[in-house]
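Protein sequence lines correspond, in order, to chains A and B.
Heads up, the first sequence is in the working numbering, so the first residue is 1 and it goes up one at a time.
Heads up, the second sequence is in the working numbering, so the first residue is 348 and it goes up one at a time.
Hints were generated in silico from the structure; no laboratory data involved.
Mixed in with the good hints there might be a few duds.
As the list claims (entries may be wrong) - Computed cross-link-like contacts, EDC-like style, restricted to lysine to aspartate or glutamate with a CA-CA straight-line distance of at most 20 angstroms:
no., chain 1, residue 1, chain 2, residue 2
1, A, Lys266, A, Asp221
2, B, Lys601, A, Asp161
3, B, Lys511, B, Asp531
4, B, Lys508, B, Asp519
5, B, Lys429, A, Glu329
6, B, Lys601, B, Asp531
7, B, Lys425, A, Asp221
8, A, Lys153, A, Glu168
9, A, Lys39, A, Glu26
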Amino acid sequence: MKKLDKNAKTAFLNYGLVAVFFVAVEIMMATGVMTNSFKGQLIPIISYVIMALALNLVVGISGELSLGHAGFMSVGAFTGVIVASSLQDSIGASPLRLLIAILAGALTAAIAGIVIGIPVLRLGGDYLAIVTLAFGEIIKNVMNCMYVGVDSKGLHMSLMDANSLGMEPTGRMILNGPMGATGIKKISGFIAGIILLLIVLVIIQNLVGSRTGRAIKAIRDNRIAAEASGLNVTKYRLIAFVTSAAIAGSAGVLYALNYSTVAPKKFDFNTSILVLVFVVLGGIGNMTGAMIAAAVLTVLPEMLRQFQDYRMLVYAIVLIVVMIATNNEKVKALFAKKEKGEAKANG
Amino acid sequence: MLGNLINGISLGSIYAIIALGYTMVYGIAKMLNFAHGDVIMVGAYIAFYSISYFGMPALPALLLSIAVCTMLGIIIEKLAYKPLRNATSLAVLITAIGVSYFLQNAALLLWTSNTKVFPNIFANIGAIKIGSVQIAPVTLVTVFANIVIMLVLTLFTSKTKMGKAMRAVSEDKGAATLMGINVDRTISLTFAIGSGLAAIAGVLLCTAYPTLMPTTGAMPGIKAFTAAVFGGIGSIPGAMLGGILLGVIEIFAKAYISTQLSDAIVFAVLIIVLIVKPSGLLGRKINEKV
Numbered sequence: 001m002k003k004l005d006k007n008a009k010t011a012f013l014n015y016g017l018v019a020v021f022f023v024a025v026e027i028m029m030a031t032g033v034m035t036n037s038f039k040g041q042l043i044p045i046i047s048y049v050i051m052a053l054a055l056n057l058v059v060g061i062s063g064e065l066s067l068g069h070a071g072f073m074s075v076g077a078f079t080g081v082i083v084a085s086s087l088q089d090s091i092g093a094s095p096l097r098l099l100i101a102i103l104a105g106a107l108t109a110a111i112a113g114i115v116i117g118i119p120v121l122r123l124g125g126d127y128l129a130i131v132t133l134a135f136g137e138i139i140k141n142v143m144n145c146m147y148v149g150v151d152s153k154g155l156h157m158s159l160m161d162a163n164s165l166g167m168e169p170t171g172r173m174i175l176n177g178p179m180g181a182t183g184i185k186k187i188s189g190f191i192a193g194i195i196l197l198l199i200v201l202v203i204i205q206n207l208v209g210s211r212t213g214r215a216i217k218a219i220r221d222n223r224i225a226a227e228a229s230g231l232n233v234t235k236y237r238l239i240a241f242v243t244s245a246a247i248a249g250s251a252g253v254l255y256a257l258n259y260s261t262v263a264p265k266k267f268d269f270n271t272s273i274l275v276l277v278f279v280v281l282g283g284i285g286n287m288t289g290a291m292i293a294a295a296v297l298t299v300l301p302e303m304l305r306q307f308q309d310y311r312m313l314v315y316a317i318v319l320i321v322v323m324i325a326t327n328n329e330k331v332k333a334l335f336a337k338k339e340k341g342e343a344k345a346n347g
Numbered sequence: 348m349l350g351n352l353i354n355g356i357s358l359g360s361i362y363a364i365i366a367l368g369y370t371m372v373y374g375i376a377k378m379l380n381f382a383h384g385d386v387i388m389v390g391a392y393i394a395f396y397s398i399s400y401f402g403m404p405a406l407p408a409l410l411l412s413i414a415v416c417t418m419l420g421i422i423i424e425k426l427a428y429k430p431l432r433n434a435t436s437l438a439v440l441i442t443a444i445g446v447s448y449f450l451q452n453a454a455l456l457l458w459t460s461n462t463k464v465f466p467n468i469f470a471n472i473g474a475i476k477i478g479s480v481q482i483a484p485v486t487l488v489t490v491f492a493n494i495v496i497m498l499v500l501t502l503f504t505s506k507t508k509m510g511k512a513m514r515a516v517s518e519d520k521g522a523a524t525l526m527g528i529n530v531d532r533t534i535s536l537t538f539a540i541g542s543g544l545a546a547i548a549g550v551l552l553c554t555a556y557p558t559l560m561p562t563t564g565a566m567p568g569i570k571a572f573t574a575a576v577f578g579g580i581g582s583i584p585g586a587m588l589g590g591i592l593l594g595v596i597e598i599f600a601k602a603y604i605s606t607q608l609s610d611a612i613v614f615a616v617l618i619i620v621l622i623v624k625p626s627g628l629l630g631r632k633i634n635e636k637v
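So that you can see chain A by itself, here it is in the shape it has in the complex:
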């Protein structure tokens, strides 16, 4: 009974956090305190928060290390752009188009998750990390050679160059190889982002609290014991992995449709690592922490602007110092008193 209460409490804490963020931003908008640079960062913040939640499902709840989550973001983002761009003339209402784009992005990312997940989830530990890393690089590489255009006959696709598409002169390019998607209609909005974030939170929290979620955590804590108890290890790992991939895909759509151009190299290894940093700094398996870390660390480079050239250097030092400090025995002992119960639950 107590366990259930705790789950519900964290869930409300997370919804409350999103609500506070929403209200704070609305107040800042209304009173005009909002700077333009911060306003431009709202959607990226939400996208990265969703990415952090998605990766936390894999790293924290399922206990697998993924170094290629930006790959799923990329798959989602470019699917979303293609869908939104080709429906531009047939569906006028942009919220509806955004919804369809997000669903399509999540779906293709989920398919990518299944394709990668089925063979790979048999491996464990660092090997899964390498394969996901390799997957992320493959996606980046393929997207770099992808040319997609649309004309009255429909979509054209090529891995060679723009001329081999054979488009009508009135056709429009959507993806342009290494240049990525250009001329995107910006249809992501702050409110749409908040709604997507809330939906993702509902999905993750219900999954984690459910029978399936307990099975996933049991496998994380002791795979052999879980297997001996009759749990289908690959199935439950796959559920966590594919859900995470789909969520990452939706975050990608939200992110891409906020810019007029998005290049494939935006979703490279560094982005995967960035999201992993959010998850680890926020506390592995801790959704609230991941959300806060993602938001703070997305804004931090902007806030460090006064250091100018030194800001990424400062960022790196902050990262190292935080990691060493949080793993220091003395600091740990301080927190251990507070979180004794939780530490036990998280193993």
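Please build the complex by placing chain B on the supplied structure of chain A, with the hints as guidance.
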């Protein structure tokens, strides 16, 4: 065909030397040292400035670069990784990423983002012709260096006391401590050797592909790391085999399939190998104990 094979072996030998650094550090400290690629970059810059600005001959420049990188490796280990000896592997991984960011951005401030053209240190030696195939001197030196390094490392780990201590620590830290092995010093030594090798790899890499930027080390680092996994991480001959195969596959993919998709093909082969043989080509399979 033969020319491509030679190019592949040359590139692969560079990957192999980098992969040796990854594999040794992984074997002993069980950590993915993501900063390794950036140590390569630092090594290349040191050699570049000693040759181009201070007019040093190539060999002393290489030795200086090895010395600086060895020191750098030891300092990084002492400052960033040693406090995390008992932390989770993820915490160490993130710290390594932090170190990698640090090195890249420090290089950006010190040496700016302008691309430097690395001098050809074998300029006065002509290419060697075998039949219709020309072999650049850097290729010969790289392959030769790779073989020497592997032989020396194999002898070092199997014959010397320090090398045996390294193997003992990678097998079981606790038992090694009980046998009177200084674990901290052994780990430092591993980082020193790995970083020294990184300097050699950096100079060879930039001689073969003479563009030098603060991000030069990142991609070869990732590829060498996958090469280490490919061959079976923790195994010295595995790193060499994995590195050379990766280089050959990459050059052949570039020559016969697609230049742009070559990286994708390399990584796809890696995924297939890992699915068929999860412990890598020469890796040992460790059975789980219940």
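Hints not upheld, ascending by number: Of the numbered hints given earlier, those the structure breaks are 1, 6 and 7, listed in rising order.
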